[in-house]
Amino acid sequence: MTVRECPRVEVVVIGAGHAGLAMSWCLTGRGIDHVVLERGQIANAWRQDRWDSLRLLTPNWQCRLPGYRYSGPDPDGFMGREEVVDFIAGYAANFRAPVRTGVTVTAVSAFGGGYRVNTDYGPWECRALVIATGAFAVPRVPAIADRLPATIEQYTAGNYRSPGQLCDGHVLVVGGSATGVQLADEIRRSGRQVTLAVGEHVRLPRCYRGRDIQWWLDAIGVLDERHDQVDDLHRARRVPSPQLSGAATLDLNALQSRGVRVVGRLAGFSDGRAQFSGGLRNHCALADLKMNRLFRRIDQWAQAHGMDNNLPPPEDFPATRVDDNPLLTLDLHRQGLRSLVWATGFRPDYSWLRVPVLDRKGNLRHHGGVVAPGLYALGLPFMRRRSSSFIHGTANDARELCAHLVDYLESEYRRSNFAVSMA
Amino acid sequence: MTVQTVITDNGVNVEALLVARQALAEAPEAAQFRWRASCEWVRGTHSCTAVEGFYGLGEEQRHRNTFTFDADHPELFASDDRGATPVEYVLVGLAGCLTAGIASVAQNRGIQLHSVTAVLEGSMDVQGILGMDADVRNGFDDVRVVFEIDADASRADIEALVAQSQKRSAVFDIITNPTNVRVEVR
Chain H
17 MTVRECPRVE VVVIGAGHAG LAMSWCLTGR GIDHVVLERG QIANAWRQDR
67 WDSLRLLTPN WQCRLPGYRY SGPDPDGFMG REEVVDFIAG YAANFRAPVR
117 TGVTVTAVSA FGGGYRVNTD YGPWECRALV IATGAFAVPR VPAIADRLPA
167 TIEQYTAGNY RSPGQLCDGH VLVVGGSATG VQLADEIRRS GRQVTLAVGE
217 HVRLPRCYRG RDIQWWLDAI GVLDERHDQV DDLHRARRVP SPQLSGAATL
267 DLNALQSRGV RVVGRLAGFS DGRAQFSGGL RNHCALADLK MNRLFRRIDQ
317 WAQAHGMDNN LPPPEDFPAT RVDDNPLLTL DLHRQGLRSL VWATGFRPDY
367 SWLRVPVLDR KGNLRHHGGV VAPGLYALGL PFMRRRSSSF IHGTANDARE
417 LCAHLVDYLE SEYRRSNFAV SMA
Chain E
385 MTVQTVITDN GVNVEALLVA RQALAEAPEA AQFRWRASCE WVRGTHSCTA
435 VEGFYGLGEE QRHRNTFTFD ADHPELFASD DRGATPVEYV LVGLAGCLTA
485 GIASVAQNRG IQLHSVTAVL EGSMDVQGIL GMDADVRNGF DDVRVVFEID
535 ADASRADIEA LVAQSQKRSA VFDIITNPTN VRVEVR
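Protein chains in written order, with our numbering: chain H, 17 to 439; chain E, 385 to 570.
If you are wondering where the hints come from, they were derived from the structure by calculation, not from laboratory data. These figures come from a predicted structure and were not determined experimentally.
Simulated DEER-style distance windows between Cβ atoms:
no., chain 1, residue 1, chain 2, residue 2, range
1, H, ARG309, E, TRP425, 43 to 53 Å
2, H, GLY288, E, GLY515, 18 to 28 Å
3, E, ALA409, H, ASP365, 20 to 30 Å
4, H, ARG430, E, ALA400, 46 to 56 Å
5, H, ASP240, E, GLU399, 24 to 34 Å
6, H, ARG430, E, GLU410, 33 to 43 Å
7, H, ARG309, E, ALA400, 27 to 37 Å
8, E, ARG466, H, ARG363, 47 to 57 Å
9, H, TYR137, E, ALA409, 36 to 46 Å
10, E, ASP454, H, ASP240, 57 to 67 Å
11, E, PHE461, H, ALA335, 33 to 43 Å
12, E, ARG566, H, GLN319, 55 to 65 Å
Glycine included, every Cβ here is placed at the ideal spot set by N, Cα and C.
One chain only, chain E, in its complex shape (with noise of 0.2 Å):
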């Protein structure tokens, strides 16, 4: 009889994550963190927002490359189209955020993915950001988010991930609990 080792390889270094985990322990300040994102207005409602460097291990990183976002609104809103909405940026958010979270609990529980899509929707009532109603609010009423995943995992196993992921998750915090913003003119 043979014996087969399956190793699981979702190409998420839970060994490196968890030796970090134990150092910040060890050393929480350097656990504090700051992101930033730096944005400028193009023409119209379409913006240019770059992200770069950022803060963390107390000292100043920096990303490979510049990433650039454009931002923009629909043609139905008399714009130019020439980017996703900021709406649809924090869904990207929440889809990075939870894809990410569920590929790194896969790694650290042994458990291989094969393929993992999701689909989100945020649904609104534009009379908020337009105004026409002080009872509707501007942001997203509901977010819905539906994985679809192919993982050598029994279905418990595979919603046990998609909760843990959500429960670990930065953007779900964000978007799920108050966040205290602060927005000044130089």
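Extracted from the complex, chain H is given alone in its bound form (with noise of 0.2 Å):
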């Protein structure tokens, strides 16, 4: 490698998925010299660690960034991955922002007031930092998957990318948020046996009262809920995902009724049998109760806006089906077992950081974006407000963080300016 002259920039943003660029849409549209390091290609996640079929959980009239929006002919589709892939590409393109790809990032560190940011193309050093990487850049695999027996094939959400990978035969997929009923949905389809381990989980229709539910989360307010105004902040923030797909619903009554196999939390293994908690009926209970709660408030608000008239009657869904006798242990032997997905989650990834930002379990520390004096987050779950975790929400915070971000460059610079008068 060729030595070079450590680049200094204003601004540097790590990550060039939809947040880092929608930061840097911002920082261009006020004139600040930044760079966007990017490990692999423009939305990178979206092209190498995600399953074939995957499909965004909002329709296309909310994906919306900074100054780009989803113009096709489909507004009320969801779009697929490659399409994902191609919207975060044309954003990018469209304003012609300054992306470094294939530059990975190794150590941030605070330098001279400002942040040093080393990669494996040599270093940067800038006076603010914006941490785009993501809330889902490595999968979260519980401790208990150490304890599998070796003749089983573990996969996670991560490294999954369609049922044809999977070895005939039975499989347990672990986790009923989006992802794990995606997952069991795809590979039932396929043929296979598939047992659902279920923990807490969010249940949500696609639609209700013939409108998509991102609708109405977006017009009665839910998504707008701000950081500073929830009961229990971290609490909000680890909302696991809801059970939606693209297509259409996909709670567990649809996937029993196409013959998944329901079960409790995966709680260990055991002489060769994986047991699994008998609170499954209380899971199911709290996410029934969580949805109805939805409904009475979506219908107090329809009939606030006058809506009432023009549009079909609250709903009812049945509750969720839950076995008498839910299975507590599957002898993985006897039954089949082959394969096992693990859809428990993501995490971010912040091995790289080396500010004392990070709160005794690893997550960054921050108030509504602001991680410490010219160090910024974006794209986090919960981050501003609920549509954070959210691309469209991104939008907001992007604007706001940016406003901050500008606001500390000018104060650092009058400061400056008054220490070199003094002097």
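Please dock the two separately framed chains into a single complex, following the hints provided.
Rendered as structure tokens:
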């Protein structure tokens, strides 16, 4: 590698996904010199680390970023993985985002009142830094994975691609959120026997009273709830993604009617058996109650806004069916279990961050995305508002954080100029 | 018009619990508790277990009194029936835990309780404990809890109380999930 002079920029943005690019657009608009460093290609996780059939949980009309929105022929459709890649890459091309692809950040440390970013391509120095590496960087796999017999192949939501990859035979899918229900569904459709282990989950139908559920969440203001307004932000940030798929309602009843066996949370492995929690009924009851509370809130909103006459009547969805005696143990060998898919969520990766801003659980401490002086995060669940978890929610977050960042840079200028004039 | 402020009082000091929760968030090591019981065989299947001290908030703690519990088996098992059977104590623990949870959650949600009763039943095939059939487990094969709750709340809110109390219940978790148990002889 050739030795090069360390470039200085005002701002380094790490990650060229939708969040990093939204920030880049805002910085570009403010005329702020910056670079977006990307380990792979633009929208890398969508290209490399997701399964083939993945679709967004949000309809196309909701896919909007600062200065950019979906403009295709199917506003009510749901983008597939490749369309998401094209959408994000199109955004970067649209304003010629200063992205450096193929540059992996190896360390970030505080340096000279700003930050130094070491990469496999050499260092950068900046006065402010935006972490936009995403909340879904590394699949989360529970420690009990170590106790699974070696004869069973393990996959994660990061390296599973399609059912064809799995051996024939019984598949255990662990996790009842968006990923788990989608993978259980497509693996079952491939003709395999599927058992789905479900803990706490969020049940939502695709449509309610003739409108997409995302339309309702948007309309009634759920998505606008701010981080400084909720009772328990820590919990709100950990709410799993709802049991949704792009296509249709995909709740546990739908899966069971297609032959997926639903069991409680995977609790462990012992003597060649998987053990499941006996708390399935309550996990389903909690999800049903929460969904029904949301419906009542929607109904009240519809009534208050005079929409009742133009909408189908309030709907009741059947309670989640739970066997009288749900399976508590599964003999892995006797039940012909050959593969297990961990759909147990993702976590961010901050292993390169040499700034003391993580809590004891390894999460970034931040206040609405403001981490430390000149250090920002973007694209985290419920970062500034509930919508922060979605592509469109990043738009507001990026604008607000960019304004904060610009104020910070200007106040730092004033201070350094003051210091110079005093010298 | 007079505005009446209704103050919910289920006898649970939720403020103190929330303060404790905040304090423990800053000092998670103080959240490490150890619960204890000491047991002595009396005669036959009769034993007596005492509960007095426990460890928590970084130091040894004590109950206000020592509580004792006689355990035995009923006469139809040719025992003297000097106490509840151990499996009935499991139901006692579950009932106490869920009910405490309901009161606390109701207090936190501003729901006034008037009465809370529960009937519990655990079914068991005793061929397991008698060693008659290896396919039958020793413990309960099913546990049913039926609450009747009179409270100033809708049915949905009451169901949500009961669901939340299960979600946060230690005994519910102990019963529904595997727990590592070590039994040694000194």
